[in-house]
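> What follows is the residue order along each chain.
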Amino acid sequence: MAQSVFQFLQAHPLILATVKIVILLLVLAGIVAYLVYMERKVLAFIQARLGPMRVGPWGLLQPVADGIKLLLKEDIIPAGADKWVFLLAPVISVVAAFTVFAVIPFAGNFFITDVNIGILFILAVSSLGIYGIILGGWSSNSHYPLLGALRASAQLVSYEVAAGMAVVGVLLISNSLSMVEIVQNQQKMGTWNIFLQPVAFVIYVIAMLAETNRNPFDLPEAESELTAGFHTEYSGFRFALYFLAEYTNMVLVSCIAVTLFLGGWLRPFPNVRVLDFLRYMPAVALIGAAAFILWLGLKSRVAAERYVFAGLAVLCVLLAGVIAIPPVLAAIQGIFWFFVKVLAFLYAFIWYRGTFPRYRYDQLMNVGWRVMIPLALANVILTAILRYWLSGRHPAALTAWVG
Amino acid sequence: MGIKDLLRKIFLVDLLKGLRLTFSYQRPSATYTEQYPLVRPLVAERYRGAPRLNNNPETGETLCIACNLCALACPETLIVVGWERTEDRKKKLTTFTYDLSRCMFCGLCEDACPVDALELTQDFEIAHYNREGMIWDREMLEQGPQPTRYTR
Amino acid sequence: MPDTTYLDANELVINMGPQHPATHGVLRVKLKLDGEKVLGSEAIIGYLHRGVEKIAENRSYTQFAPYVDRMDYVAAVTNGMGYVEAVEKLLGVEVPPRAQYTRMILAELQRIASHLLWLGTHALDLGAMTPVFYTFREREEILKIMENYCGARLTTHAFRIGGLQYDLYDGFEKEVLKFCDYVGPKMDEYETLLTTNRIWLRRTKGVGVLSGEDAIALGVTGPVLRGSGVRWDIRKVQPYEAYDKVDFIVPIGEQGDTYDRYLVRMQEMRQSVRIIRQGVDRLASGPIMGKVGKIIKPPAAEVYHSIEAPKGELGYFVVSDGSTHPYRVRVRPPSFVNLQALDPMIRGHLVADVVAVIGTLDIVLGEVDR
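Chains as they are written, first to last, in numbering that gives the first Met the number 0: chain Y, 0 to 402; chain V, 0 to 151; chain P, 0 to 369.
Since the hints were derived computationally from the structure, they do not count as laboratory data. Some hints could be false.
What the hints assert, rightly or not - Listed next, the in silico DSSO-like pairs over lysine-lysine satisfying Cα-Cα at most 27 angstroms (straight line): (1) V:K3 to P:K204; (2) P:K293 to V:K91; (3) V:K16 to V:K3; (4) V:K89 to P:K293; (5) P:K235 to P:K88; (6) P:K204 to V:K16.
Please construct the entire structure, taking both the sequences and the accompanying hints into account.
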């Protein structure tokens, strides 16, 4: 039965793509909702407090409550606002953010498509999201959102340049624009790109923070500054769409960073046979999660919560058992490592938000144009020189670089 | 700038030190939250909370001698003491009205009372649904507020 | 033709309304901007005016004491201390040494609490959202000591005319010393997060510079004055309570910018810990109330007495006409006078710096408006 479904899908690639897209959208929406929850919890722990605790055990149903609240809010469109543009602007942001996921490889064969100009597609489509911000600020018919939108878009455009040039450094090593091939190249070289391009990595991370309007570059949307940002006039579900777009962007740039610099779906030291036992990490991680859930649940005062948590822990152990079966283990390897790395990045985003003050706008632009771009340019030049020099000196290395 | 300072600047040492501090704060023992109403706060002994008219523990009669000193001491003049003269020309307390909505909980009435009849207790849950409920009569003052205890 | 004059690029008047997350209360600031640069400003106050000085005319001296706590609601103990000392000056009453030392300890604890709140909110305005939780946690310990001593955390009404109402509770010295040991490493933590952080340095160095002469000309006092390099601390110049018997230094800044004021306040907190330790050391037993009658009726005279509140020079001008009610109580709030320095300090800066400067002046609107 599974075979016939598989063959049907193979025969009709359009339906296969549609099924993949639907699954991806649902999974992403879930991840983004729980990313908001994770942010609130991690930020709370950094600040010596607990975060959401009342809605569901340990506040786990908070995103559900937030979603319902935003859906039920009154839909306000300001008088004099350009109605259709006002309605369209958040949609543009969300669509641009989601579309880029089409070319991101989650594992060796888990991707929607693999265009051979993957990175170009990513840079182009993610830049379209800026339209959503500008149009949102413009159509609000109020000078505070307009100023906020202009500042935000100027910031985004500046840091796109720096991010693009950091990526060029990676391209010089990988010899290909396709995302899948970049990861495969890292596997061939036996090392993640971060060790070969550390400066590009740091530049890309900083540009990532600025691209997604996160601390320390979040002046355009900070509440304690004068202009409350481009989404002042938005409320209810439209605001939720902007919010969704921002968090999806966060996940997106993390995925891109992981693919380009951290070896995508590869496990650490992918070519070293000795560390092959790392294959069992998914099962071990699930058992660890089960132990953690059990420990959390046993501390609760409410009996029902204890049973629920114990049940969840048992479920995790069963799942670990299922995963330990070799074919399942092999299938889940790639996506597990990808997921762990993206999670580390997202955690870092939230960690920075809890630690740093924010840059003033002119200082932000200063950092972008006078520090990031020259550094990125220098990195590109240096990489090109090194590559030429190494390939000239050691012909064997040429094949290693070009593969 | 010396070479050490330059290296510190390039390698973002100051930012990393801050990051290390906030990372270390995520251990559960560093959480400072008190989950009210599941966990009730410990209030000091001298806490100036809701007022109470004390009764003599043996006889059950009120300790108040209707001297009116608390009403005179109050900056907001929100205490009204009603009394009547008994047969042997002694003052007996009849009504005692305390307007909690204007009270500052400054403790001057408690300081003024010569017989420790009026006391500001440790009760802080004195919210009410309407304004009339904030004006306490003698009975309310003797019993104290009875807040609902939540367990979940 | 639609009216597009408001789009003229030369000058724009923007209102930072009374309702704003960063103005520390209901302060309204009208900013005249050229693009993003501030050309001038006007502060409009009065949104929190409650008529405290008028109330004083209708209350007796003891009855008025709880009202003064509500002016600078962040540091209620020092408000009370200033008023009570002014009336004691009128009466010519001598406060016994045990009461003096206790008052000094509580006032220094309150100074630490006020500076902690300032630090948390200042960092929050500039984007660092974690120090506020840490400083409030330390402040919680101080408020617990206050609660144990007098029964209230914020509006303490801790002192009475002539001395103290409550004697120290058992374990006061132990708790205070424990707090002193506890807060030192915590202040090092704040320094780790902020003092050398490059973003913090960029946001505060060179922002809101006020020269020493300008500060004196405007009548600015407190850490703002000391950050501009003027060595003036009322605890040293006109000592009251037991300040002349303890050892402490007065930190001063060099450039008079926001960073210097930040360093001055951090150092003041550490000096306060030093004063508290010495105070606890020298606490002797004895009476806590001076020779004051039951009814307070000072002779017909007037007195001005000022103390070093956490925010600056807090002064009380009490005019007595011989009755139990004061004829006039005029309060000189430090924040009101310091607020005048806002305009000269933000000229030429960007809009985002206005928030930093308001934070560094450490104003409390309850004091400004009374």
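> Taking each numbered hint in turn, which are not upheld by the structure, reported in ascending numerical order?
Hints that this structure does not satisfy do not exist here, as all of them hold.
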